[in-house]
Amino acid sequence: MTKYAFVIDQRKCIGCHACTVACKAEHDVPIGVYRTWVKYIEKGEFPNSRRYFLVNRCNHCDNAPCVSICPTKALYKREDGIVDFDSSRCIGCKSCMQACPYDALYIDPYTHTAAKCNYCAHRTEVGIEPACVVVCPERAIIAGDLQNPASEIASIVAREPVRTRKPEQGTGPNVYYLGAEEAAINPEIAVEELPHMTMWSTLLHPYQNDAQELDRSQSLRTLKTINQLKPYTPLESQPRVPTEARIVYDTPKNAAPWGWKVSAYLGTKSIGAGVTVVAAFVLVLYGLNGTLSSAMFNLLGIGAPVIGGLFIALTLVLLITDLKRPDRALFLLLKPNPTSWLVWGSYIIGFFGLVEAAWFISGLFGLTDVLLWLVIPAMLFGAAVAGYTAFLFGQAEGRDFWQSPLLLPTLLVQAIIAGASALELLAWPLHIGSAVSTSLAIIMLIAILLHIFLIMIEVFGSHSNSHVATAAHYMRKGRIKDIFWGLFIALGSLLPSAMLCIALIGSETQPALLAFAGLLALIGIFAYEHCFVTAGQIVPLS
Amino acid sequence: MSVRARVDDVWLGGPLWSPIPGLKNEQRFTNNNQLQALQVIQLIQMRHLRQINVEIDMTEIPLEQHIAPGGEQMTVRDLASCPPPERWHDWVEYDAKAWPRKVERHYAIIPTICFNCEAACGLMAYVDKETGRVKKFEGNPYHPGSRGRNCAKGPATINQVNDPERILYPLKRGGKRGEGKWERTTWDEVLDTFAAKIRAAIVEDRRDEVMYHVGRPGHDGYMERVLGAWGVDGHNSHTNVCSSSARFGYQIWCGMDRPSPDHANARFILLISSHLETGHYFNPQAQRIIEGKMKGAKLAVMDPRLSNTASMADYWLPTWPGSETAVLLAMARILLVENLYNHDYMRRWVNWQQYLASEHPIEPQTFNHFISILLDLYAGYTPSFAAHESGLQEKTIIDIARQIGHAGTAFAAHTWRAATAGNLGGWQVARALWFLSVLTGSIGTIGGTAPNAWNKFVPAPFLKPGPSEVWNELLYPPEYPLANYEMSILLPYFLKEGRGKLAAYFTRVYNPVWTNPDGTAWIEMLTNEQQIELHAALTPVWSETAWYADYVLPMGVGSERHDLMSQETHAARWIGFRQPVLRVYKERNGEPIEYTYQANPGEVWEEDEFWIELSWRIDPDGSLGIRKYFESPYRPGHKLAIEEYYRWIFENSVPGLPEAAAQEQLSPLEYMRTYGSFEIPVDKAPVFTLNERELKSKDLEGTRVDKLSGTIKREGAPVGVTIDGRAYEGFPTPSRKLEFYSSTLKEWGWPEYAIPSYIQSHVHRDTMNHDMGEYLLIPTFRLPTLIHTRSGNAKWLYEISNANPVWIHPVDAERIRVQTGDLIRVTTEIGYFVNRVWITEGIRPGIVACSHHLGRWRLETGQGTDRWASSLVELAKVDDGIWRMHQLEGIQPFASDDPDSSRIFWREGGVHQNLTFPVHPDPVSGMHCWHQKVTVELAHQKDAYGDVYVDTKKAHMVYQDWLGMTRPQTLRPDGLRRPLWMIRPYRPAARVFKRD
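If you read the sequences in order, they're chains V and L.
The opening position of the first sequence corresponds to residue 29 in this note's numbering, with each subsequent residue numbered one higher.
The opening position of the second sequence corresponds to residue 168 in this note's numbering, with each subsequent residue numbered one higher.
It is worth saying that the hints were derived from the structure and are not from the lab.
Computed from a predicted structure; not experimentally measured.
Be careful, since some hints might not be right.
Okay, derived cross-link-like pairs now, SDA-like style, lysine to any residue, Cα gap no bigger than 20 angstroms in a straight line [as the list claims (entries may be wrong)]:
| # | chain 1 | residue 1 | chain 2 | residue 2 |
| --- | --- | --- | --- | --- |
| 1 | V | K281 | L | S1069 |
| 2 | L | K462 | V | R187 |
| 3 | V | K105 | L | K462 |
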């Protein structure tokens, strides 16, 4: 069986960018995005300084995470080892960009679908080497069949000290480097002095006009100064350490593929799922032993499914509009990839929607028995809706911060906070009795404290690797620290906790205070989701 | 016992093919011609034809023969690099965009030559048969120089073809020059206008008023023939902003003006250039430098800036600019002192006898005595002196000198622009470097460095015109008798001083307003209709200079024109054939094409045809004797068709080509149309140590031998040299030897430079006070992805590199108190520019550097320099002699046929520098000395990115200062304007070398 691979001999590579341009010519790759590119690193102090080059591209992994996460099988592994793609199946969900630890994928600005190096499969099919291999002046890029013992590539991989990028990711990469410099191969070592400037270029991202994609504050200091041709004023000046490895040339990076829509989706989903779960719980608590008051029935039987359904619908809207090809949203159902949690997630949300509808109908027509029968599926699907994202983010192999085992409990707790908060908000105008309000308040308080505890472990606990540590540090001390500490911890967690305590200790019910605490807790949830999504994407992949 | 060699196509199921002339698909070699088999194998290996499988039963061949000369092991490859040539007429490939759906695309593959530098690498155009357009360019594996591989600039040719900003029709100015009012005109009008103007100049014997000023020639010999036919002395070039200094250093030694190192076989490589990223000839030489390195050669690179080349080197030698000569001469001294030089070579080939006889006539006239004098002469060039001058460590200098000595005849060295182009006396850098090659006896050896003429082949055309009878003092003025090339940069001053005027001026792929120092002087010259009566810019792309022309004439890019080129890329001789690929494609399909523009986009002409047409119109009835050179050699009296010009050359002037073509049942022209290049067989044109070729007795008829020097002369002209009793061809110098001692320099006013010596640069480190903000600016470094000033039409190249911040060392940055990204003002002798700072450990402290490609400008929104690359600026003379440039708008996205143009993400297109440089013509070589002593400071309050300020009065003063450094030779008794033996690109008759 053929197994195509690349050897990139950095002992020979002169950093000429011929591969980049030949690839652009072969595939007509739009400007601003790259299937293969060359990164330059400078190291050492004059005169013992040196520049190092690294040719980057898809690694055609044995266990390609982009293939597993792709919801529509637009990405697939061929029998000859090439990871290829079919843009006509792609819905533009960008999850492949999160799954790939090598930064190999981009969204084509014209087709709005994902693309990457496909080993020039259309050329190998007719027996010709990839375009980058043919052009390379130094024959530093070697293509061929690893399984053919007579091939040049097989003998190099067998005999020379080759290495791969991020072997610890377990992806089984098939781009083998010879003589590559560590600081060039490991994107977390070299520092970027001024991210939108290199030794011979200014790098502004082509997506800068797209509001969603502009959320790349993590890696850029300021953009507008350059647009206005004004002197640059650094926002965060970093002390220069001359001996550090420095990135001196790189291509514009992909903007963080997931922006506010994904953060918001996590929040709306928590509300939708949480309202249902908490309502079901309260229903079990109060409804099993007698008739519900009408106010309570309005809250749990009608209000909860309406809120739950609304936010689940909003969740779907956010998900679909975040697709680069929303017109292909139905491909999730029509061309599903069973290994993708994006697919399972959409099924779960779909079934959850049905449960919500049944709940609402039962509530509307006062079918209490049916309602009680729906309690178990509602709690199960609610939990699934809240929790499946942990598995989806777990498939995003490129983002180690999202691989945390605490993510599932965190998401469940968030759903409970969101659900209880939303119900408190609803309870106020509905003049619900103090018993339910108090129960909700207790649930909310416990959940908030548990949430803080989980997040503190996440952020201050020991980190499995530097990627996770960097992301956590960014949350604590980086650009989003104000959102984390101010909006999430202080305003969204501690303040509502205090308000809840006051309300619980006080003799009279204070529905307005509880509702306000709920509102703040919801702000806290949204704030945290923003931090979580942003921080996860802060670490450079290449 | 037999040896069996089989050359296979890896194309599964495809027919076998035979790329090597004379080799059948399967051939048996008997014991008797085992050697032949080895030669065939070697030939295959040398050509690096990757798409062929070689299955050789080597039981009879010693194992070491399996290794190719390039050091690469023969391997069985499972993928081919390029389609087999018998399928080039109809190659089927799947559409990359439609993939994974298998949509077949049919291509005709037609070879051509890249025009994006001078290396002349091979390209193959893939013409889509459905659309009739070129889809892409890949390498041509049959090209001996580039061997199927290219740099980034090769595949980017397709951008230039499809550039939405390209000029498609000839344009004529409407308003005043430089006003930017362009109207479309006809080629007929252009040709008639210029024909009348030139004819009048010729008829009225104003033959120094017609000037063709070329930047990138892209051909060998074609224009020299045209100008020769017209009988004008009007060839002007860009060379004295480029390489004339290095050329002079080489020429003064050996009569040939470029080096051609055999990097692939060297043991030690010393570069004062950056051939792993740019340079003549980047891709072919970079291939062979790395090849040599992988075989164990050590690489040393002298460059104050950490180039990519220096990064790949075993030794980076960041010399203070201008000190290179001191270092090289110190190394020479070490070779002498430590007895590491090649005695026999020195004794035989250096003109020491002449030196002793002239300078030490009463001392012993022996080689040993010469060596002892050498030791004295260079006694001062100690490692510590060189270390002091250069900032290098003594031990590094000694170490490298010893390694060079041990490399012996396998020492390859190259300098081209770099230090030679930056410094006053830079030509001594090349001279001192060649001295090391002489000392090691590595000239023209395997692994050594040959003079260019030994590795280049320029075939003669039919009917070559005789030399002209005019001497144009605008090109070779009396102040610069030794100038290696035309004093191109001084043209505006000469015209201003009333030394002449130009009736017809062609700038061709040349952008002096932008490129040359003191560009505003060029604007003033070009806008003065008394000085230049008629100006046409022949160019494939808008340039800042074309803006000031009367006519802008669009010419084809690399795939839209014919040219014949040969370069000294390695130890071989080859020719490459540039073709208008769409014309070739259409003609193959039976479409009659009379002129290339009929196949090109719009009305884009090719120059070859332009000059033929123009010449016919200058001399319509043949009465001036011009027309005959432009008549068909096959159809007497008819106008020369461009195909016939090349057909004649291929049939008559390229040894081995007709035979090779015949073996494939092709005519020589068809062979070149098919393969695009040809390597002259070594037996027909040897490449190594040609000085050792012995003269035969018939060569010696009518000659006399000079007893002392051994020089063999016929009628006073040296033709050979006698050494140890045998007559050799030698070198094309007056002594026919390597001229350590240059009587020419002595006789022409520079006796102190008669031998290689160190000239302190105008930017010597002692002249800089860093605490006062004074630094040395290197304004010339090139990037691997850009094409001087011709990349503006290549979006993929600009996407990679689009700004030129000033590189500065952290120590200096701290002194100036700047951080990366801050704006600084760089003040030269005559003005300043404002740019950003890039702090790097890759530059010597005390030096700042700024790449030269960037900072393109245009003066109007809609027209002018490509919007991919240029900023919109205001450029005007604001005051008495003061010019200012201000950027109104950086690079912005724009709407066009190419959707990418609306997605441009780079905003700062760099900052222009050259306007702020005065001319610095070296008094000997005539080279513009680029390096600048500048003051660097934080930008002033109102300074903006890209601001430029120039005081032209100061510029003129600097010109006069440097002119004052010359030693005009107007009072020579022999009346010569220039040494007769020194080459000139277009050489008038010997008679006119003498002043009347």
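Evaluation of the provided hints:
Restraint check: the Cα-Cα separation between V:K281 and L:S1069 comes to about 19 angstroms, which is no more than 20 angstroms; the hinted pair holds. With a CA separation close to 18 angstroms, the supplied pair L:K462 and V:R187 stays within the 20 angstroms bound. As the CA atoms of V:K105 and L:K462 are separated by approximately 38 angstroms, the hinted pair breaks the 20 angstroms bound.
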